[in-house]
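Novice: Okay, here's what each chain looks like letter by letter:
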Amino acid sequence: MTESTRITSLKDLKAALQLAVGLELSTIPVYLTALYSIEAGRNTDAAQTIRSVVMEEMLHMTLAANVLNALGEVPSTRPVDFQDRRNLSPIPAYPLDSPLVSGIGTLELLPLTPRAVDGFVRIEHPLHGAATLDAIPVQSGGFRTIGEFYDAVDAALNDPAICPDDVFRPVRQIPDSDYYGGAGHVIEVKDRATAREAVLKIVDQGEGLPEEYLHRPAKTVTDADRLGSGWQMYSHYARFRELQCGRRFRPDQRADQNPEGAMLLVDHTAVQPALYTPHNGGSDSPEGAALDAFDLAYSHLVDDIYRAFAGEPKEVVDPLDRHADRERPALRSAVHIMYALKNMAVALMRTPNPAKPGHTLCPRFSYVPPGGDRDKLVQRLENRGGQDR
Amino acid sequence: MSTNDHDHDYDIVIVGGGISAATIAKTVIEKAAAQTPPRHPRILVLEAGRATAMSADKYDTYVDAYQEALAKVPNSPYPASSSAPQPNVLDIGRPIMGPDGTTRVPSDNGYFVQMGPLPFGSDYARSLGGTTLHWLGTCLRMLPNDFRMQDAYGHSVNWPLRYEDLKPYYERAEWDIIGVSADVEDQVYPGIGGDPAKYFESADTGKFPGGVYHFPMERIPSSYLDQYLAKKSAGLVVELTDDHGRPHTFPVEVSNTPVGRNSRPAEGYQPIGAVGNFDQGQRCEGNSSCIPICPAQAKYNALKTLYELIVKYPDREPADGGARKARVAIRSQCVVSRVLHTQRTGGTGTVTGLTYRTYFDDGSAPVEHTVTADTYVLAANAVENATLLLASGAANNSDQVGRNLMDHPLLITWGLLEDGVGAFRGPGSTSGIPAFRDGTFRSERTAFRVEIGNWGWNFPENAPYDTVHDLVGGGESGQVGLYGKELRARLGEILPRQFRIAWELEQDPEPTNRVTIDDRYKDALGNHRPVIHYDLSPYVRASLPWASEASRQLFTQLGIGDEVRRPEYRPGDYTHYDPDDPSAVTHDGVTYWVRGAGHVVGTHRMGTDPATSVVDSHQRSHDLPNLYIVGCGSMPTLGTSNPTLTMTALALRTGDRIAEQLKGKDA
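These protein sequence lines are chains A and B, in that order.
Okay, so the first sequence: first residue is 1 according to this note's numbering, each after it adds one.
Okay, so the second sequence: first residue is 390 according to this note's numbering, each after it adds one.
Think of the hints as simulated: they come from the structure by calculation, not from any bench.
Just so you know, these numbers come straight off a predicted model, no measurement behind them.
Fair warning: there could be bad hints in the mix.
What the hints assert, rightly or not - Covered, in the sense of this in silico footprint (three residues per stretch, anywhere, with C-beta under 8 Å from a C-beta of chain A), are these stretches of chain B: (1) 622-633; (2) 953-959.
What the hints assert, rightly or not - Here's a subset of chain B near chain A, in silico, CB distances under 10 Å, partners left out: (3) 483; (4) 651; (5) 656; (6) 1000; (7) 1001.
Even for Gly, the Cβ is constructed at its ideal location relative to N, Cα and C.
The task is simple: from the sequences and hints, build the whole structure.
Specialist: Here it is, written out as structure tokens:
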């Protein structure tokens, strides 16, 4: 069996956590594209399943950022060097081949289709669908599975030679009360124990699930969180298997079985036929401009989230607000863009794709970093706006 | 189907599945379990309406119904059955009165039979979860003087409770049942001695060190409109003159309203999300449809508490070796038709059972059952409690059952502001102006609360639809006007500037405002429909010109004092009242529209004297000691607070009492 990559320095651990924040981010557009493709009010079971997983990915991203901050490193969108590899971008671009985890395969933006759900199951499967760990090719400085990656992170966090006790500081932590509240509670990291607890929570809820979980009852609640009234969630893998098979698990079934419980039907005609088209054209057409506008909004959102992780409150100048001296944490401001983004995505997916009859537009979730490219994007949209008027 | 289904071994049967029922069931269970020795009551809840929304996706069918409804009135998402009909504000018609003041032709085109002279303008929902499905979520406590109107102002009656008595229950209602978002410092009301911290000071120093109270969640941000009004009206003091020529002054302060909508939690508080999907509804998302439905369930509804109960206390024997637990059964589509009892006129007795009929949606005939229990609770809404008691000839030695029906008669004023204020965005209301809630004027005219609405002119002018109509040319000009981009641009200028404000008047208890029954008016199951006599007293009417004048002073301050009418659109005061509207009320030769606020109160008032009240301060019937009659019906006076929070506090107090009574009995 191939020896898995180990993290041996604090510098590499920090780089790994920068990439972990990005790894958690990278699944969100994949799931959101499917979620937003569902026509309003239809396929409610599927929508609820996908939505619940997205919320947990957002939680995981926040947890990874809290761990990183506790190590004294500010989460950033900038590329990092990890081990012998240079310039790995934490921010995903689609279709995405993870720079870190080879087993996960290519992440694509697809509407809710059987193929999309197959992809979800692959992401969340402990071995990403492979029969054995050894069947997954690996490159130097990389990992075969998300589980392997987080194992390495956890091992490094647990090693005082890599991160001594005095490295951990409770700085720039996103508090639980600032988080939306679905999917569980944010852990504020202040020491080694809470850092490991945060990583364990990421692993337990979702990706990086240890293989042996497959042999346990599918509906085992892996996370200690209880949001109340018995609301509890089993693993992402089991949830997506249900969606894949069109049935719920019965309580006595194991996660590696085929679900045989109640029907969970998906009406694939109640899904917008969105088709992802990569960045390859100008934005001369109104459709191109709309896609650009989405990318700009998404870029602002990513910036705002990272700003929140960096502990920078967003300045909101509001002469009418008597409470203007109050803190305005950036994460809460970012929520506004999350809703705006949803509306934009839904509108795009209702817009016929002029180049591909029978399909509609698909948001690209393309992050344009601040600087020259961002300025050009803004300029293009402004010119376009001028034409419309 | 057998009618003998071993129902006789319930400890408590509750009629109605709304917030009072949920609160009492939860409180009794938790209190009784904490006693020594613990008790684990078995509770049955009988709901007349359907239980559609007990899972998140079924709740979405309500959201769909709301989105498809042409008139988005409070009950539009919640379909009723002819077996358990519900009032609808669209049914409100004006009865025709004879010259002698008697009713010549009642208005009976809905569920209510309106005997007049004014129609009762409010509704309620008959569905599991009750009217909390479509409440706004406002959670104002009553003011100290609201509980002692007779002592303070020589008008109406005193409560058998003081504010201080109810305070700990208010705290529990805010924390343990509803989940209220507010900041104490914003709560500046008249009549509390100027210091909100003192008014909210808690005796629970374990939970609130030093008695410094805070709400479980921080305030919902004030809307842009609220902030605009606060800035524009800064320093405004409204001056009004009473009947003796004495001036009364009211400094206008905009105050963020406590609401049962989820927001950022305080340390240790877990917001309660949607029923069956806790990932949803953890925070208010700013949807503007609090009434009739919060699509995310960030707004509290009683389904949340009921759901917690059926998950934690399922109605089945514990598994072998499992600890004994309370059991809760909820049966929907079960309409109680009679309270069976031993009471003779003028005497006391006990309740011996309830008769109810279960109806079905598949065409099969309703099935009648009788259920017995140690303790009975009527929690079916003030109007439904009254009709059931009257039909049963129960608990009415005082002849007060059905009387003292109250609401917050509502005067709307509206105008077009000089600036866009984001109308139609965000929750229905986030602030109010509390200045008129208390003062010496209450000896001769009623107090009122001012609610700032974020819903543009939808209530008075059917906006945005009628605005569109005006602009495309359906207005008075009759000419085709704007369309396309110009239409959108003009709408974008007008709609965000639409402003309306509601002046909600406290109604005083009057024995002639009453719910009665009449054998000529029955529903499909043969149960009595409410027959309602309703009017506004001179005490209420005296505040109509005051509210109107206060509105004029406010609008002038806002720069919109000019009278303007549609289809013209420019800054100004658009308030006008068409005398043909069913809600028209004339006072001193001036016409007003007075609408219902959905606050159905009175009908079984509490008091210490069995001769003049129906229940005691624990909402226990004076006549039938094993019967509790609970809800807004128990309130002797209404104050200017929306009544749900107070109703919940009363239910907590009742729940404590019922749990205490279980204590003496065998476990």
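Novice: Does residue 651(B) pass the interface hint, meaning its C-beta sits closer than 10 Å to a C-beta of chain A?
Specialist: holds, 8 Å
Novice: Should the hint that residue 483(B) touches chain A count as held when the rule is a Cβ pair under 10 Å?
Specialist: violated, 38 Å
Novice: For the stretch 953-959 of chain B, do at least 3 residues have a Cβ located nearer than 8 Å to some Cβ of chain A?
Specialist: violated (count 0)
Novice: Please verify that hint: residue 656(B), Cβ, nearest Cβ of chain A, below 10 Å or not.
Specialist: Status holds, d = 7 Å.
Novice: Checking hints one by one. Is residue 1001(B) an interface residue toward chain A, by the C-beta closer than 10 Å rule?
Specialist: Hint on residue 1001(B): violated, closest Cβ of chain A at ~42 Å, above 10 Å.
Novice: Measuring from the C-beta of residue 1000(B) to each C-beta in chain A, is the shortest one below 10 Å?
Specialist: violated, 45 Å
Novice: Verify this for me: three or more residues of the stretch 622-633 of chain B with a beta carbon less than 8 Å from a beta carbon of chain A.
Specialist: Violated: only 0 residues of the stretch 622-633 of chain B have a Cβ under 8 Å from chain A.
Of the numbered hints listed earlier, those contradicted by the structure are 1, 2, 3, 6, 7.
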